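Peer 1: Each chain sits in its own coordinate frame; assemble them with the hints.
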Amino acid sequence: MPTKNAADERISKFKNKGKDPAKLREKRITECVELRKAQKNECFLKRRNITLSSLPDEEALSPDTDTVDFRIEDIIADVNDGSVEAQTRGCQAARKLLSKGRDPPLKEIVDAGLLSRFVSFLSMDDEPALQFEAAWAVTNIASGTSWHTQQVVEHGAVPALIKLLASPMLHISEQAVWALGNIAGDGPAYRDILIECNVIPALLAHISPDTPVGYLRNLTWTLSNLCRNKNPYPPVSAVQQLLPPLIQLFHLSDKHILCDACWAISYLTDGSNDRIDVIVKTGIVPRLVELMSHEEFCVLTPALRAIGNIVSGSDLHTQTTIDAGVLNVLPKLLRHKKATVQKEATWALSNIAAGHCKQIQQLITCGLLPPLVEVLRNGDFKTQREAVWTVTNFTSGGTAEQVVQLVQSGALEAIINLLQVKDAKVILIILEAINNMFTAAEKLGETEKLSLLIEELGGLERIEMLQNHENDVVYQATQNMIEKYFNSDVDGVQVDSTPNAFLFQTSDGQNTFKF
Amino acid sequence: MSMSQTTEPSNDEPTVTEEAKMTSPEKKEKKADDVPEEEEEEEEYVVEKVLNRRVVKGKVEYLLKWKGFSNEDNTWEPEENLDCPDLIAEYLQSQKTAHEGKRKGSGDADGDESKSKKKKDDNEKLRGFARGLEPERIIGATDSTGELMFLMKWRNSDEADLVPAKEANVKCPQVVISFYEERLTWHSYPSEDEKKDDKN
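Quick mapping for you: the protein sequence lines, in order, are chains U and C.
Heads up, the first sequence is in the numbering used here, so the first residue is 1 and it goes up one at a time.
Heads up, the second sequence is in the numbering used here, so the first residue is 1 and it goes up one at a time.
Bound-form chain C, shown alone (with noise of 0.2 angstroms):
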């Protein structure tokens, strides 16, 4: 795409310091029903003024207001396209001064911030199901902490733990009830034999 400075038929005198300057130098008549379309050559379009600026997969584009054109008319340009320096600095200045009371982040972290690395602790919260692991069998239980707590006999690990019976009757029920099971141990009700349960 290449633009240059020419006289426009509508404007009477070119502005000489913020037009846009590119590769060629030729000056030519601009026709009144162009389109700026980037792909034809020919034409040569001047930039009036550089509004915003974003960048694209890595690279720099400028949003441009082109002369004699609406705002409707403006298009997003990469960097390496433009040789006006002048108006990019001076819409990088304008930012400067709009956004002079935005402060970025003062980065004092008041010790809330995430732990940048962390010690994994044998006497740590990651304990029981937490750990990832799948249950193999339930090998002792014990309320001793106020609650019922299995002791957890994990697949590929040495290391049983505690885990709280009402979070394995949701996680395994299986296993719970094989545990049960194993200890199931049968009273028969003193009805016809009473007199063997006298001799107890």
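This is chain U alone, in the form it adopts within the complex (with noise of 0.2 angstroms):
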């Protein structure tokens, strides 16, 4: 029989009955609540798909989309029907062929003979949905071999996408801008009959702050295509008008267009001294040391490039990109985790140990020579053979004091090493530099202490064995070493040791050979 108590508890473990209307609403409201919430974060947590057929995602998944979905004689007939609805959906296709991952079917849609149809669809101005197809379609087939731009550019569609640079539609000019850049890159005949066709000022015309940065990338990429190739270089009036906005490009900080305003700068220098001259006029070499040290190295490459041309130029040239600070940042190069950035800073390096004395003055104030040694001593083999050029040039152009601090450094010890290598052409460099350095000696009067010192470093045992090196040049370059300066008898020879002689000692420091 349940007491009272006993019914009230059981009561009071059900849901509504008995209970405070009050309590039961809150509770309710808060049941309530909680569960919009939890619906809600189950919403959110679920992962939601949408699947649409124009999703890019899609296509690659199912490849067999493509060629199965577009036939070519399906958009032979659409591109040759009157209607600009059919000839939009062959060109659409037609450009989805040829923006396939692999393999686009560039021949056959040319074969096919539909470029001219291309070609005729980019000049109406009415269809800006069917220009647009067109333009890309184009700048596809011409982003192939050379015969691929040239079925282009022969189809006439050159004047057609000058025209479209017009466009006020900017994606459409933007197409042209592609396509031109395909057609100027093919070589130096095809990048001339645009500059002829005044291209360049319908280009520049678009270089706005309002310009989007992708445009700019596309435009900056093409204008270093008109800069690009040699035999014959671009003509020095196309050169003046590209420059200014090359320069302007240049203050930006997107990293693509600085890549590419690089290129054409590495392009423009890459030539004769009054090439060169016509760029560092422009007052751009401190801008481009500054992108040496640029930390995205489709940036840095260029730069380097661009300077590394800059000092093949005259001791002015060189100058200015010393002034402009090119020595702070060489250490870091020659240093670079990357083996090409190594071989290119130190092939500029060696153009700048070609200079006059007071350059290399400031090659060695400015602490270049411990990174040279380095990569004498581990770089590799391309690095190690343009580091062995600056050493030989660095012997040429400087005083005697200088080559006794090259040969302290370590230098000379780093390059006696170097003898062993299968390079006949390198060999020879290295002897080259060694004789310079005898030719210094004798100015200092320490020409046999050289001589110990090389023996010394192991550098004369190598010497004879070149001996009995294959190439000629190699066998009598070391013989009339051995000749001059080895045969001398150790024990009659009369040091000369001037008070204030510079001395030729061994890097370690040692005074064991004074020289």
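These are calculated hints, taken from the structure and not from any lab test.
Wrong hints could be hidden among the right ones.
Stretches of chain U that chain C covers, calculated by requiring three or more beta carbons in the stretch to come under 8 angstroms of a beta carbon on chain C [as the list claims (entries may be wrong)]:
no.: 1; region: 7 to 13
no.: 2; region: 74 to 85
no.: 3; region: 111 to 120
no.: 4; region: 180 to 191
Residues of chain C clear of chain U, computed beta-carbon distances all greater than 12 angstroms [claimed, not checked]:
no.: 5; residue: Gly68
no.: 6; residue: Ser70
no.: 7; residue: Glu90
no.: 8; residue: Pro164
no.: 9; residue: Lys166
no.: 10; residue: Val176
On a predicted model such as this, the values are computed, not experimentally measured, just so you know.
Note that the Cβ used here is the ideal one computed from N, Cα and C, for glycine as well.
Peer 2: Listed below in structure tokens is the structure:
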């Protein structure tokens, strides 16, 4: 028999009966809110998928869709149809085929005779969608081999594309920029044809503060292709037109734009000193040196190439780069993790070392000797070869005192170690460097000391071995050297140590051999 | 401008081989206080040395040191005005040896060079805002990529593609707002109308 308390207890377990209405309401509200929140959270966490056929990822997953859906016969029929709708459909299908990641059917499309239709579509200003598809299709055909590009040009695309540059639709004129870039990039012949068709002013009209970054990227790339290629170089008048806008683009910070702007300058500086002079006079050198330290490899590489080209010019050109601080940047690049960067930096260094002794002095002052010796010892072979040139140029243009400093930095020891390489040319350059060192030693009256030092470093042994080298020139050179500098009787040598002479010493600082 | 072989008041012996000769072979005395102006046709000056070379507007010019004048009076003269091939040759030769050490670019690309031609892919990076199109409206949203993305319909294009919401929020906030506004649903808070809610 339930007691009153037990009954109460039982009733309290019931959901609603006997409860205070206010409390019940509160409970309901709380529960409701919690349910709603839970539902909301569940919704957020749920992955919502939209399947739409125009999603690019979809197409990548089903490559067969392209070939199944777009057959060339259908495209031909559509493109030759009278209605704009069919033409657009056909052109778009062709464009999608031509944009395939792998093996786009460039030749098939050209052989199907579609190019002339595409080119005619380019001028249909009333049908921007059609123009866009045609411009894109033509771009991709022109991106192929020289034959493909030739087909595009011969079907009259160039004037139509240049006209499209003036389209009020940004995406269409941008596509034309791209297509023209492909044509210019084919080689100097088409590049110059484009220039003659006045493409440059039409392109430059689009450089403004409002131009979107993507557009500017394509534009810079196309401009760089107009600067590209030798035999012949771009006409001087074209270069004069291209330089001011290029310099403007250098002030931007987008890495793709900077990358192509630097490549443009690197093409323009790859030639005779006259061409380098034009570039140096624009005052772009400090910015180039700055970009040599850019964090992006794609910017650093062409900036370094451009500077490398500039220092292959006159002493004056080289001095501009030194004044802009190139010697502070080079040590880092000589130690860069990428071998190609080390190589190019060393090549640039070798050309600076080919300057006059004041510039060589700046090399020493700015601490370029230690990293030079490092690459001589540890660099990959191509870098070491450039380093050997550096040493030889240094010994050729440097004063005797500067040569002593070079020896003291360990460079002599390092090049002696390189005498064992197979490359005869490198061996000859090393021998030339050693000869130059002897010339410097002569000025200080220390040739015997240098001979002894070389012997101590194991150099004499290597040089003697080279007398057996298969290459005649090497054999001759080593013979001459031994005759001239290593034949004297060591015992009978009067070592003439003038009190103020700079001393040729071994790099470990031992004064065993005093020169 | 004319130049000819002359004997100068200060020199005892005119040097023979290294003097510039010009069209008019007449010898004239040079006045000591002459200024070497090009316009003064009657004055003739002797080139002592060629110091430099440049190209201006497609024409070659040489920097000349004038005999009997200081370096402050050096002038640039167009190639066609000169007839001192030996001096020019000597200069060019000196340039060669002075810069023998300089080696021009090897040109070996190492594959790092910029592409000479580019194909525009469907799948390539040029998607979304990078295509340079104007946003028209957002027609869908998804977070299947891990990040909230909008499916954007562009003006004058049939092709919609995905753009990150973060980018769209900045570049076309009004378009984003329209999208959200169209999809707002209202939930009423069950305060007075609890009974109605209960029956849900």
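Peer 1: Evaluate each hint against the coordinates.
Peer 2: Verification of the hints:
no.: 1; hint: 7 to 13; verdict: violated (count 0)
no.: 2; hint: 74 to 85; verdict: violated (count 0)
no.: 3; hint: 111 to 120; verdict: violated (count 0)
no.: 4; hint: 180 to 191; verdict: holds (count 4)
no.: 5; hint: Gly68; verdict: 27 angstroms, holds
no.: 6; hint: Ser70; verdict: 21 angstroms, holds
no.: 7; hint: Glu90; verdict: 17 angstroms, holds
no.: 8; hint: Pro164; verdict: 15 angstroms, holds
no.: 9; hint: Lys166; verdict: 17 angstroms, holds
no.: 10; hint: Val176; verdict: 17 angstroms, holds
Comparing the model with each numbered hint stated earlier shows that hints 1, 2 and 3 do not hold.
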